[in-house]
Amino acid sequence: MSTETEFSTIGKRVTKPDARDKATGRALYATDLVVPRMLYGKILRSKQIHAKIKNIDTSRAQRLPGVICVITAEDTPKIAYGFGKDNLPLKFGKVRSLMDEVAAVAARTPEIAAEALELIEVEYEPLREVTDPFEALKEDAPLIHEQRADNLSMVFDYVHGNIDQGLDESDHLVEGRFDVQFIAHSCLGPCASIAEWQTDGTLLMKTPTQVPFLYQRDMADVLGIAGSQVCVEQPYIGGGFGSKLDLYPYEVIAALLAKKAARPVKIEYDRQEEFLYSPVRSPMVMDVKTGCTKDGQLTVRVADIWSDNGAYNSWGAVTPLVSMQTASALYRVPHVHFYCRIIYTNNPYGGAMRGFGNPELTFAIEQQIEELAEICGMDPLEFRLLNANQPGETNLAGMKITTCGLSDCLNKSAEEVDYKKRMTEVGSDRGVGIASAIHVGGGARIYPSDGCGVIVRINDFGKVSIISGSTEIGQGSDTILTQIVAEELGVPVDWINVVNTDTDVRPWDVGVHASRTTFIAGNAALKAAREVKEKILETAAEILKEKPGKLTIKNGEIISIENPEKKLPLGKAIRSKHFRQGGSVISGEYYYDPPTVHQDKEWRGNISATYGFGAHAVDVEVDRETGKIKVHKVAAAHDVGRVINPVGAEGQVHGGVAMGLGYALTEQIQLDSGRMLNPNFTDYKIPTTMDIPEVVPIFVETNDPEGPFGAKGMGEITMVPTAAAIANAVYNATGVRIKSLPITPEKVLNALKAKEQK
Amino acid sequence: MIQFEYGCPGSLMETTSILRNNPEAVLLAGGTDILVRIKQGMIQPAMLVDIKSITELHGISSIEQNGLRIGALTTLTELVENDLIRNRCPVLSAAALSMACVQVRNRATIGGNVANASPAADTVPPLMAFDAELEIFADEDIKRVPIGEFFTAPGETVLQENEILTAILIPDTARKAHYIKHTLREAMDIAGVGVCVSRKTQGAPDPRVVLGAVAPTPIRVPAAEQFLSEGKIEEACAAAVDAARPIDDVRASASYRKDVIYPLVKRASYAVFAR
Numbered sequence: 001m002s003t004e005t006e007f008s009t010i011g012k013r014v015t016k017p018d019a020r021d022k023a024t025g026r027a028l029y030a031t032d033l034v035v036p037r038m039l040y041g042k043i044l045r046s047k048q049i050h051a052k053i054k055n056i057d058t059s060r061a062q063r064l065p066g067v068i069c070v071i072t073a074e075d076t077p078k079i080a081y082g083f084g085k086d087n088l089p090l091k092f093g094k095v096r097s098l099m100d101e102v103a104a105v106a107a108r109t110p111e112i113a114a115e116a117l118e119l120i121e122v123e124y125e126p127l128r129e130v131t132d133p134f135e136a137l138k139e140d141a142p143l144i145h146e147q148r149a150d151n152l153s154m155v156f157d158y159v160h161g162n163i164d165q166g167l168d169e170s171d172h173l174v175e176g177r178f179d180v181q182f183i184a185h186s187c188l189g190p191c192a193s194i195a196e197w198q199t200d201g202t203l204l205m206k207t208p209t210q211v212p213f214l215y216q217r218d219m220a221d222v223l224g225i226a227g228s229q230v231c232v233e234q235p236y237i238g239g240g241f242g243s244k245l246d247l248y249p250y251e252v253i254a255a256l257l258a259k260k261a262a263r264p265v266k267i268e269y270d271r272q273e274e275f276l277y278s279p280v281r282s283p284m285v286m287d288v289k290t291g292c293t294k295d296g297q298l299t300v301r302v303a304d305i306w307s308d309n310g311a312y313n314s315w316g317a318v319t320p321l322v323s324m325q326t327a328s329a330l331y332r333v334p335h336v337h338f339y340c341r342i343i344y345t346n347n348p349y350g351g352a353m354r355g356f357g358n359p360e361l362t363f364a365i366e367q368q369i370e371e372l373a374e375i376c377g378m379d380p381l382e383f384r385l386l387n388a389n390q391p392g393e394t395n396l397a398g399m400k401i402t403t404c405g406l407s408d409c410l411n412k413s414a415e416e417v418d419y420k421k422r423m424t425e426v427g428s429d430r431g432v433g434i435a436s437a438i439h440v441g442g443g444a445r446i447y448p449s450d451g452c453g454v455i456v457r458i459n460d461f462g463k464v465s466i467i468s469g470s471t472e473i474g475q476g477s478d479t480i481l482t483q484i485v486a487e488e489l490g491v492p493v494d495w496i497n498v499v500n501t502d503t504d505v506r507p508w509d510v511g512v513h514a515s516r517t518t519f520i521a522g523n524a525a526l527k528a529a530r531e532v533k534e535k536i537l538e539t540a541a542e543i544l545k546e547k548p549g550k551l552t553i554k555n556g557e558i559i560s561i562e563n564p565e566k567k568l569p570l571g572k573a574i575r576s577k578h579f580r581q582g583g584s585v586i587s588g589e590y591y592y593d594p595p596t597v598h599q600d601k602e603w604r605g606n607i608s609a610t611y612g613f614g615a616h617a618v619d620v621e622v623d624r625e626t627g628k629i630k631v632h633k634v635a636a637a638h639d640v641g642r643v644i645n646p647v648g649a650e651g652q653v654h655g656g657v658a659m660g661l662g663y664a665l666t667e668q669i670q671l672d673s674g675r676m677l678n679p680n681f682t683d684y685k686i687p688t689t690m691d692i693p694e695v696v697p698i699f700v701e702t703n704d705p706e707g708p709f710g711a712k713g714m715g716e717i718t719m720v721p722t723a724a725a726i727a728n729a730v731y732n733a734t735g736v737r738i739k740s741l742p743i744t745p746e747k748v749l750n751a752l753k754a755k756e757q758k
Numbered sequence: 001m002i003q004f005e006y007g008c009p010g011s012l013m014e015t016t017s018i019l020r021n022n023p024e025a026v027l028l029a030g031g032t033d034i035l036v037r038i039k040q041g042m043i044q045p046a047m048l049v050d051i052k053s054i055t056e057l058h059g060i061s062s063i064e065q066n067g068l069r070i071g072a073l074t075t076l077t078e079l080v081e082n083d084l085i086r087n088r089c090p091v092l093s094a095a096a097l098s099m100a101c102v103q104v105r106n107r108a109t110i111g112g113n114v115a116n117a118s119p120a121a122d123t124v125p126p127l128m129a130f131d132a133e134l135e136i137f138a139d140e141d142i143k144r145v146p147i148g149e150f151f152t153a154p155g156e157t158v159l160q161e162n163e164i165l166t167a168i169l170i171p172d173t174a175r176k177a178h179y180i181k182h183t184l185r186e187a188m189d190i191a192g193v194g195v196c197v198s199r200k201t202q203g204a205p206d207p208r209v210v211l212g213a214v215a216p217t218p219i220r221v222p223a224a225e226q227f228l229s230e231g232k233i234e235e236a237c238a239a240a241v242d243a244a245r246p247i248d249d250v251r252a253s254a255s256y257r258k259d260v261i262y263p264l265v266k267r268a269s270y271a272v273f274a275r
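Chains as they are written, first to last, in this note's numbering: chain X, 1 to 758; chain Z, 1 to 275.
Mixed in with the good hints, there may be bad ones.
[Claimed, not checked] Some chain X residues near chain Z, calculated using beta-carbon distances under 8 Å: (1) Asp168; (2) Asn678; (3) Thr688; (4) Asp691; (5) Glu694.
Just so you know, the hints here were simulated from the structure itself, not pulled from any lab data. All figures in this text were calculated on a predicted structure; none of them were measured in a lab. Glycine included, every Cβ here is placed at the ideal spot set by N, Cα and C.
One chain only, chain Z, in its complex shape:
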């Protein structure tokens, strides 16, 4: 019988106190990942701390001029359907819609998708392409970490044991972006390669090129960004290929992943730089 203790704190303070007293506790949000891993015997947490009743983790709001604050417990379905997201950051809605199935999207959260630190997480390349920041509750204090500094390895982040990801902040949504999720199947599939390219809608393009599923963490490719800002798309594609460090797994071979980065970066670049 799979057994674990279950905690259901009502506040962030209460959560961190539970975490301090139970170093082996694992946070539970939508549970679409954790529960599957528990059932498959991949992890055996002594305690699950269900954070779904913490109100400040919910909600999507406007910040600064045209920024967004997305509560960590925002579900993928909310990302798909919420008007603020759809208007200001449609690429995030599209990435969320590409994930799993309706039932899973109704449960799975953006915070979970980010904090699980899968190299193939679909919400991450768009967030990186918008210079998102992560709001983290630590020691009764709130700090901000740029998303690019958050991931350290597959499944690993800079989050400490008693820290909680509370929200994802996009300070400035004035970008045009395009995300391509390359999969074998049209639904219910995990990215073999993910590519997101963005540019500022006003002034200098200041492009971002982000790759998913081709390295231990999602990566930005500054060299490709530089080429794109000079209008050199082909060179940018080649730089992206160079930056990738894919592996062979059941979803695709490393060499195939390398092969498709070039056309995908090209397509995403044309999509955001057209006209």
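Bound conformation, chain X alone:
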């Protein structure tokens, strides 16, 4: 592997190609789109949290001038969808939450559609509700899905080692109950889709999904048509963070309305609807136990978890797949038991969200690490270093840790806040804290495939097009692919264009999730570019009368390595292939599917081709009289394999830290009987710029052998350890340990009062 100085664009600060359009408002998001003859769809939601639908009368709505059509479940194939096959696009027979879709209208204007909703009369017969997951598990609890025996949607059970042995071998054991809250993704771009049926019977969806190719199948299944009849086009996407990982009823409803109206239909959410009707991050209650020997070697870890899934299974229901890895793989622990119940309630249902179960359990585990370190009389940093994952290990979950910069991340982040010295200081209201994280960094084979296809083409003038299955959602992946192809092909980045078009043109990809795009699509792009380069050099070799192996491409020119004066502009080589009998276009394609396995029934197997590691060290100040926490600094060190684009990598750190701070301190969906009380940015408090402390991104480059130019994925891990680090710093400052998120001033103050009374 070459050293950094030899790279032309890898590791350089490259401005995102979409930055200018986004900054000037020229970029068109789904909410901005208008197509000719378009109608506006609106959805009537349930007014009841749990009820039978006795009757729906849409006649008055249908008669309202400007209304084109009104649909209920009766107008649909009633095919349940979602990976639990427990959700209908329009509900039939009963409603299970206030998110539930009961009827929908397509009208000439959004105002008429809204007025029509008011005219739909729904007769409900209320049922007993259950919004507490513990209550929902009781024998006499009302059933959310009455065809099931109970409200336990799923159970995830993982064991390695032997828990009894682990407990026996433990000199010290800490136990505690931790809880984490409902939060919202708060994407700047709310949900919006346009459905349009073509004359050939194809459904064209303009929609901001993160999974365009899986979406084709899901949409086809729920409509009862063939996957080939669904084409997905993604406009600019205003953030996803996992929220757009599933197909949602509103998109199916847009398609159904468009079919019935025989016109394109757009459905878009305003901010309040985005809060009320898009999926959430599910809360968890976690009983966690960790043990160690007297010299600080971890022995055992037990996590017993209750997750409030809400009324339907979307991707939130499988977040334990990743929490499980936090349990099995964060540090070396010989005996681990992870058990998680996914519980149906009448609350909003959970979707995927950045970190996917990892920040949740890390919040608990990393606090217990500090509790044990304290009992052992060890510096918590030393305790962590003693137990840290090491390169070359295969852990007991079958995860092959190839490159691993965890110890470096711990040391460098700690140094940035002067951790060792400040940790032992007493008598101030300032405190320092640290927490580590592990997350997949080389894709995640949660489906039988973890592949992505990329096509690289080059035109008559040497301009390069990347046609990738991967999806840019603001994370900067198109820039990464551009740099990778530029580096491999030896052309300037501004000669390259990433073509974002529809699923009919783009090669297949699983989707943008699991921090996989840089790694998976990056490898595909690298290898597709390599094919293009070989073809170019072959052609150039004929013209320059050199062996292809003696040629290279630099700054868009083909040159002889030995005789640099022998050179050929790139476009000339390409044109020579176009302007000849028997010529060809120059393109390359590659489908990269990493060397990983689908986990077995015991949840073992190397799910990712490499793993990312990180540590956040924070410096906080606690106001002991009001409980308010001020975070002064977050030093965020991450093993990213190699930084492809420092601008993008720093952006991921800043964004992840900000999201982690919100999770730690201020964000919380407040529910009263399943109804959100704060569906607006005034009362759902994401941090503002004034709340963001100094953030110091630190990159540890371990140069992963499987990664493109050594890179690993890093999108999610940047938010994983923040909340735990802050909780540890609050303890360091005050001596009170807050085991409940968000760490509100009220919780801190109450804990301080309780401590004083002791």
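Keeping the supplied structure of chain X fixed, place chain Z upon it in accordance with the hints.
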């Protein structure tokens, strides 16, 4: 479609005549509150009467010796930036700066903030701590109401249907004051508890202790003021806690609001009584 009639009178006389003929009309100043409430369907006024073209509602001027007359349409940004305000009543500038964001501050007015009668209105505790008076145009006449007598309940004031708040008067600005807005977030947040303490700069301190967001209206706490005038800060804090009648809502619990009144009153008191 949200529909309403729109009136744009050029004078106070014209405004009151519109109000007389349209009892359901609502006055529109900056619109940062009203328009949001209309869009959210919380209110459906038949008519909006835009008073922004009425010149006598604008402007900040000096009155009496060191007093201020602040036109009701003075924006929060003007409160932040105006030299007269910054020099004579810096606490009002600070309170205005703590509110919302630049864009909203450019539109929102002090008259709107006062007349909306939110218990958490940030300009009100400082105004009460300066014994401000409200100038009200009523029946072709001008009357003055002490701000402490203006609020009757959340969103409710003594203003009659055809009356207009025209200006806020601070007869004497010779006070030192400190306002603390306690929030969860550092910007774009609404006070969970607001505390303003003031004292005269000359002679007997004659302190004021005003609490926001802990009762149906912003309240003065005479008992705390009495203690402060005797130099008893701890007792004043306890009296403030006793006087508060906070509620539980999405921003904070009642018990937490009670808990923080004590330290906040203490801090504000030390800030104005230091040296």
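Point to revise | Numbers of unmet hints, in rising order | key: The structure breaks hints 1, 5; every other hint is satisfied.
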